[in-house]
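Protein chains in written order, with my numbering: chain A, 1 to 477; chain B, 1 to 199.
Please keep in mind that the hints were generated in silico from the structure rather than gathered at the bench.
Treat the hints with care, since some could be wrong.
In silico lysine-lysine, DSBU-like type, Cα no more than 35 Å apart, as pairs [stated by the list, open to error]:
#, chain 1, residue 1, chain 2, residue 2
1, A, Lys99, A, Lys172
2, A, Lys89, B, Lys114
3, A, Lys401, B, Lys198
4, A, Lys169, B, Lys85
5, A, Lys89, B, Lys31
6, B, Lys198, A, Lys80
7, A, Lys446, A, Lys401
8, B, Lys193, A, Lys99
9, B, Lys125, B, Lys114
10, A, Lys169, B, Lys60
11, A, Lys99, B, Lys31
12, B, Lys198, A, Lys245
13, A, Lys343, A, Lys99
14, B, Lys125, A, Lys172
15, B, Lys31, B, Lys114
16, B, Lys191, A, Lys245
17, B, Lys85, B, Lys107
18, B, Lys107, A, Lys89
19, A, Lys11, A, Lys172
20, B, Lys85, B, Lys114
21, A, Lys404, B, Lys198
22, B, Lys60, B, Lys31
23, A, Lys99, A, Lys4
24, A, Lys4, B, Lys193
25, B, Lys198, A, Lys11
26, B, Lys85, A, Lys89
27, A, Lys80, B, Lys15
28, A, Lys252, B, Lys193
29, A, Lys80, B, Lys60
30, B, Lys31, B, Lys15
31, A, Lys252, B, Lys60
32, B, Lys114, B, Lys191
33, A, Lys169, B, Lys48
34, A, Lys99, B, Lys60
35, A, Lys89, A, Lys99
36, B, Lys193, B, Lys114
37, A, Lys446, B, Lys60
38, B, Lys125, B, Lys31
39, A, Lys343, A, Lys401
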Amino acid sequence: MADKPLTLPEKVWRDHVVVPGQESEGQRSPDLLYIDLHLVHEVTSPQAFEGLRLAGRPVRRPDLTIATEDHNTPTLEIDKPIADPISRKQVDTLRANAKEFGVRIHSLGDADQGIVHVVGPQLGLTQPGMTVVCGDSHTSTHGAFGALAMGIGTSEVEHVLATQTLPLKPFKTMAITVNGSLRPGVSSKDIILAVIAEIGTGGGQGYVLEYRGSAIEELSMDARMTICNMSIEAGARAGMIAPDKTTFEFIKGRPHAPQGEDWDAAVEYWESLRTDEGAQFDAEVILDADTLDPFVTWGTNPGQGVSLNGAVPTPTDFTDDVARESAERALTYMDLQPGTRMKDIRVDTVFLGSCTNSRMEDLRAAAEILQGQQKDPDIRMIVVPGSAKVRLQAEAEGLDKVFKEFGAEWRFAGCSMCLGMNPDQLAEGERCASTSNRNFEGRQGKGGRTHLVSPVVAAATAIRGTLSAPVDLLVSA
Amino acid sequence: MEPITTHTGVGVPLKQSNVDTDQIIPAVYLKRITKTGFEDALFSSWRKNPDFVLNQPVYKHGSVLVAGSDFGTGSSREHAVWALKDYGFRVVISSRFADIFYGNSAKQGLLAAKVAQPDIELIWKELESNPGTEITVDLVARTVHCGSVDTSFEIDNYTRWRLLEGLDDISLTLREESSVEAFEATRQGFKPKTLPAKV
């Protein structure tokens, strides 16, 4: 009998089952899955380490665990002690725990410090077919490599530290097929914002998404990570992309990439990680990249997005009661009038950074647009590279000079204004074009207003002062 | 996690339904880095009121909370269970628990016993006429005894077994140690390790 055709997520799951769940009274208990890589940061790990200490348990596999500091770290004066006492305590606690339990840590000031989801791939630790977890919802980023990568809670962090496994309930699969090719000035951020606008912030609940189709295959790894990163904003447990030549080339030569014979064995396995012909997804969404415009959000959840060429919607146009009420509330919070053209919205701040868009390709794309241009005088622009290494690389390429000459602030690496756990926050009423992932009320600072955008839209907006696409610069030139 | 077979302790009447986790422990306490020491956080807003039940000396050392229906609704914070346990509660009795809270309790060794509402009213009456009355909860027999009130409680078999054995999630998984070791022996050799560090 031929094996049942499987989807990519099902294959990775199958290859990690340590103990299958048991069927009893019509319910199936969770499968126990092995975890290949556990990423740790300072916010969701202190109680997990304390749990181990109280129970007298060691970290089972320090050699499959790595920690870095990102959520709380300052992006200015990183040589000084962290000013906020709670932030400092969380960071100090992580350092002490890493030392006590023998976990590798990249601290502030280290070349491999940075946003946990930028650091893993940069070191070559994220590879196809792996299970990757972290106490952070944007762990889905690593799915870009064909890994099954999920965010977990603090109890689960402790569970993985102690056992290197996790009991997980089975999932459903959804194919997100993006046909055609992106036009210039349109990026992977626009794809994922359009997907979330299409299926809603709960549309992916219970699913692992597999992004596929020609437009996805044409993307670089940096761009693929942007898409998988925001899978969680559609409510999905994870998002994945089948590994291919682009993936292998990205990994090859990185510090922890397989070498020699191991490389050949790895590639042979990785190449098997494609959804089989005839495999069934539980749901499918199809998108056309050829006609996709730059996308931007108008509301207070990532599903409230529209083409940048469009306008702020009218709440009464929503037939669904919940959607209408949510839109009304969002427009009040965002201080926007229905029918206003998105391109007429003036912003105060532009934030280029976060685990969604802070990698080399993002910085290069923005710098290319800013080069030789004048910043709108009333705009403040903050550029926060995803890791210390990204910062160094950008400086080696002279991108820091482009940003600084343009009038943007060139900062040190971390999560920064994406969630404002450090001093980088919006003021009450301040409006921001942000390359991050969440436009929730108060996310970037109490009363702050967020429009999610791609790096090139962020750059064009910093020049014109209003939400803009790169193409608008040609018109006005 | 400490096993429970029977527990006897002072019953505390909390005559309120829909006690949500923001009431059990407000968000301001979530910034802490510890997993214990939340006893002061438990019901911290309500405890500012001198008439609140836990401020009465007779209930100060209570360990069986008898609450109204829908206990533990709202945010999924595990801190709610930590706070109850740190204060000294081993058992919460209610006619209905929120799903996540119920699951979190089982994981942390707090017994959430479902008792029918009419019996809860009888227990409240008993506790109020004789403050300081002890309640005995027998997990083996699934019974509750409080003064003249004798009743039974509901608990699913799996949770009951885990509490009787004192098994948290990690202990349960550690029982599969040989399977984990066997799995590790077959892991592909090319899979990356974080140690020794390469940069």
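Check the hint pairing Lys252 (chain A) with Lys193 (chain B) against an upper bound of 35 Å on the C-alpha distance.
holds (16 Å)
Pair hint outcome, Lys446 (chain A) versus Lys60 (chain B) [Cα-Cα no greater than 35 Å]:
Given pair Lys446 (chain A), Lys60 (chain B) is violated - Cα atoms ~39 Å apart, limit 35 Å.
Measure nothing beyond the straight line between the CA atoms of Lys404 (chain A) and Lys198 (chain B); if it is 35 Å or shorter, mark the hint as holding.
Status holds; Cα separation ~32 Å.
Distance restraint between Lys99 (chain A) and Lys31 (chain B), which requires alpha-carbon spacing of 35 Å or less:
holds (22 Å)
Next pair to validate is Lys125 (chain B) with Lys172 (chain A); report whether the Cα-Cα distance is within 35 Å.
Outside the cut-off at roughly 49 Å; violated.
Within 35 Å, alpha carbon to alpha carbon, are Lys169 (chain A) and Lys85 (chain B)?
The given pair, whose Cα atoms are some 28 Å apart, holds under the 35 Å limit.
When you check the alpha-carbon spacing of Lys343 (chain A) and Lys401 (chain A), does it fall within 35 Å?
This hinted pair holds, its Cα atoms lying about 28 Å apart.
Please verify whether Lys343 (chain A) and Lys99 (chain A) have alpha carbons no more than 35 Å apart.
Violated. Lys343 (chain A) to Lys99 (chain A) sits at ~51 Å, over the 35 Å cutoff.
For a C-alpha distance cap of 35 Å, please report whether Lys89 (chain A) and Lys114 (chain B) respect it.
violated (40 Å)
Take the C-alpha atoms of Lys198 (chain B) and Lys245 (chain A), compute the straight-line distance between them, and say whether it is at most 35 Å.
holds (24 Å)
Do the alpha carbons of Lys193 (chain B) and Lys114 (chain B) lie within 35 Å of each other, as the hint requires?
The hint is violated at about 47 Å.
For the pair supplied as a hint, Lys89 (chain A) and Lys99 (chain A), confirm whether the alpha-carbon distance does not exceed 35 Å.
Holds. Lys89 (chain A) to Lys99 (chain A) sits at ~15 Å (cutoff 35 Å).
Hint violations for this structure: numbers 1, 2, 10, 13, 14, 23, 27, 29, 31, 32, 33, 34, 36, 37, 38, all remaining hints satisfied.
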